[in-house]
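Given two chains presented individually in distinct reference frames, assemble the corresponding complex, making use of the accompanying hints.
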Amino acid sequence: MKLVFHYSVENFSNTYVVGPKEGGDALLVDPGVLDVRLLEAIESNGFNIRWVLITRCQPAHVRGLRTLKKVYDAEIYSRQASVLEFECQMVKPGTHLQLGDFRIDCLCFPELSHDTVVYRYQDWVFCGDLISAGKPGKTTSAYAQANLAVALERRFFTWQEDLLIFPGEGPPTTLRSEKLFNLARRSAGLEVQDQKVPPGTPEEKEL
Amino acid sequence: MFSIRICTTAGCRRHAVERSDVCFGHVSDRTAYLEDLKSWMAPQRDFAGLSLGRQVWEGMDLRGRSFEGCNFMGCRWENVQLDGSSFRHCFLDFGVFKHCSFQKTSFLFCSVSGARMESCDWKGSDLLHVNFNALEAMETQFSESDLYFTRFIGAKLNQVDFIDCNLKKTQFTGSWLQDVNFKYSNYEEAEFDVAPGAPGVPS
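Here the protein sequences come in this chain order: A and B.
FYI, my numbering numbers position 79 of the first sequence as 81, with every residue one higher than the one before it.
FYI, my numbering numbers position 177 of the second sequence as 1100, with every residue one higher than the one before it.
Just so you know, the hints here were simulated from the structure itself, not pulled from any lab data.
Just so you know, these numbers come straight off a predicted model, no measurement behind them.
Don't take every hint at face value.
To be verified - Not the full set, but computed from the structure, chain A residues with beta-carbon under 7 angstroms of chain B:
| # | residue |
| --- | --- |
| 1 | Phe7 |
| 2 | Leu101 |
| 3 | Gly102 |
| 4 | Ala135 |
| 5 | Gly136 |
| 6 | Trp161 |
| 7 | Asp164 |
| 8 | Thr175 |
| 9 | Thr176 |
| 10 | Ser179 |
Ideal Cβ positions, reconstructed from N, Cα and C, are used throughout, including at glycine.
If we strip away everything but chain B, and leave its shape as in the complex, we get (with noise of 0.2 angstroms):
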């Protein structure tokens, strides 16, 4: 598991990044610290304890890769594709997720809340013990997914679909869902209590 280091400049409480003292704010050549990071994890396939916060991960290939105990908070993800790779006891908080393939992806145990995803697609994933609490989802696919015991606690889901998915346990309390789409679900083992004046549950 990563530890938090807190950034060295004077008065900020930002998160340090991996090889270094300051947090990626305070990075004095961010473009260079990026691409030093990429060449360094391009060709290694499983990491664990990274703490990468608040970083740009733009049109990387991350496919079958393996992030044990990781911290990519309030990281943005733009036309990244992580399709087969593995997440365990990572988080992901705050993080914003753009056109990013998470096709057969297995997360367990890690925590997405406050995230903002837009076109992203989780097909066939694994997402067991998930915390995607407060998510504002578009346009995102969940479709033929296992969602055990994952938690949408008031999130904001738009034309988000759950096809064929394993429910049981998936809780959406407090959640504002618009064009969701349940269909083959087993969406009587979730939990639901929508928040007041949202549209709908599935029928």
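If we strip away everything but chain A, and leave its shape as in the complex, we get (with noise of 0.2 angstroms):
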């Protein structure tokens, strides 16, 4: 699988298509903008966009929506039954979406909003907002803070730690790494500093 990776100067937010490397069917994660960048990306990749995922209806993550649908007829898949004029297929919280050859996990974290969805598919991550390297995802209290952070250690940093994580906003970022050093464990006092380089690596034993 191929994945392209666009980011809106506009949202400060980013875009990711999946599909296959010989083109095809293909999925988008977030469209916050659709520009010509994008199309070209797409375009010169031979995708067609079948599936938009939205992991929050916020503008920055919709934004370039109207522009998509006009030039690719594309299932909607959210949190809500619709989101700008267009209907959705509502995603519900542990669940999983068969899309063509795409099997897709789905995990809402309310904690963050109550339109939040995580996808999964395979060995990568996409959380929109929920975490961004190094920092948790932002709520508009302390206490919701809180209650964010206990829902990350019990059903997000629970995962496997080989997951690749592509955020919403900001780069690319490791679950292991999150687990490490992500300012909401800091906090918490649940980073394990001493354990930075990880069992197993070269420094550790093998040379």
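As structure tokens, this is what we get:
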């Protein structure tokens, strides 16, 4: 599978397109914008956007939807019944979607917002605003932030460490890095700094 | 983008390396494997989807190479020349970098978190959307680089130069800065919230 990353300078947000290497039906995560550069990237890879996954129904994640729908006849998946003027397939927490060859696991995090969904495809996690590299998502109060930290601990950091995390904003990361260095865990005193070099690295024993 | 394959050795959870079913630790003859890999890579310029985690890159000349969606997690890089190379969507987390030259490289949307870096030179590079969280860097040069939207959250930086850099949206939250030089850089546009007791923010 091929992953295309696009950064929107208007929204400071990331859009991802996942499709077969040889081209074909593809899925797009968070159409924050559909500009010429993204369109060129989609077309040059021979992708046809069949599915749109929305991690959060905020303008930064959906602003490009109108343009996208003019170009591609894509089904939209989100936590809400409609986004902008488009009907969506509602995602239920803890379920999976079978979109062609893509099996997508869906996890909802109402602790961040009622419409937050995290999508996992194989080893890739599209987590939207839930976390960004080194930081937890932003909530409206300290109480909500504490709730989110607990939810992350119970339902996110329990996943296998090999996962690659593609946030809605900022650079990519890995689940292992976030478990060790995310400020949400640091503030709760849960990070393990002395395990920074994971077991089995060359430095530790192999050389 | 690389796909994660787990080593076929019973009980091992590490990533299998390129052209093998086992991780680097379980390759029967590592020296031969590395030689074979080097000779395979030597004539090529562009690489995509390689999985080469936990390997040792020593004294290699990888100047001008292009890597897309590659896995270099946990690698040790020593005296490696990477000037003018390009990395897109690559993961180099938990790497150890010593005396490496990355001059005028282009890193876009990469992760280098939890790495250790000593005497490395990134002068004149484009490091956009790069995750350097928890980096431990010593005597390292980032001068004349574009670090837009790059993160050094929780990093420990000692004798590191950011002279004449673009630091717009660069984040140093919770980092520890000792003898870090931000001269001629737009550090007002960066985000600082240094760790308690840390030596200081730019003056």
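Taking the hints in turn, this is what the structure says about them:
no. : hint   : result
1   : Phe7   : 5 angstroms, holds
2   : Leu101 : 18 angstroms, violated
3   : Gly102 : 18 angstroms, violated
4   : Ala135 : 4 angstroms, holds
5   : Gly136 : 3 angstroms, holds
6   : Trp161 : 13 angstroms, violated
7   : Asp164 : 5 angstroms, holds
8   : Thr175 : 5 angstroms, holds
9   : Thr176 : 6 angstroms, holds
10  : Ser179 : 4 angstroms, holds
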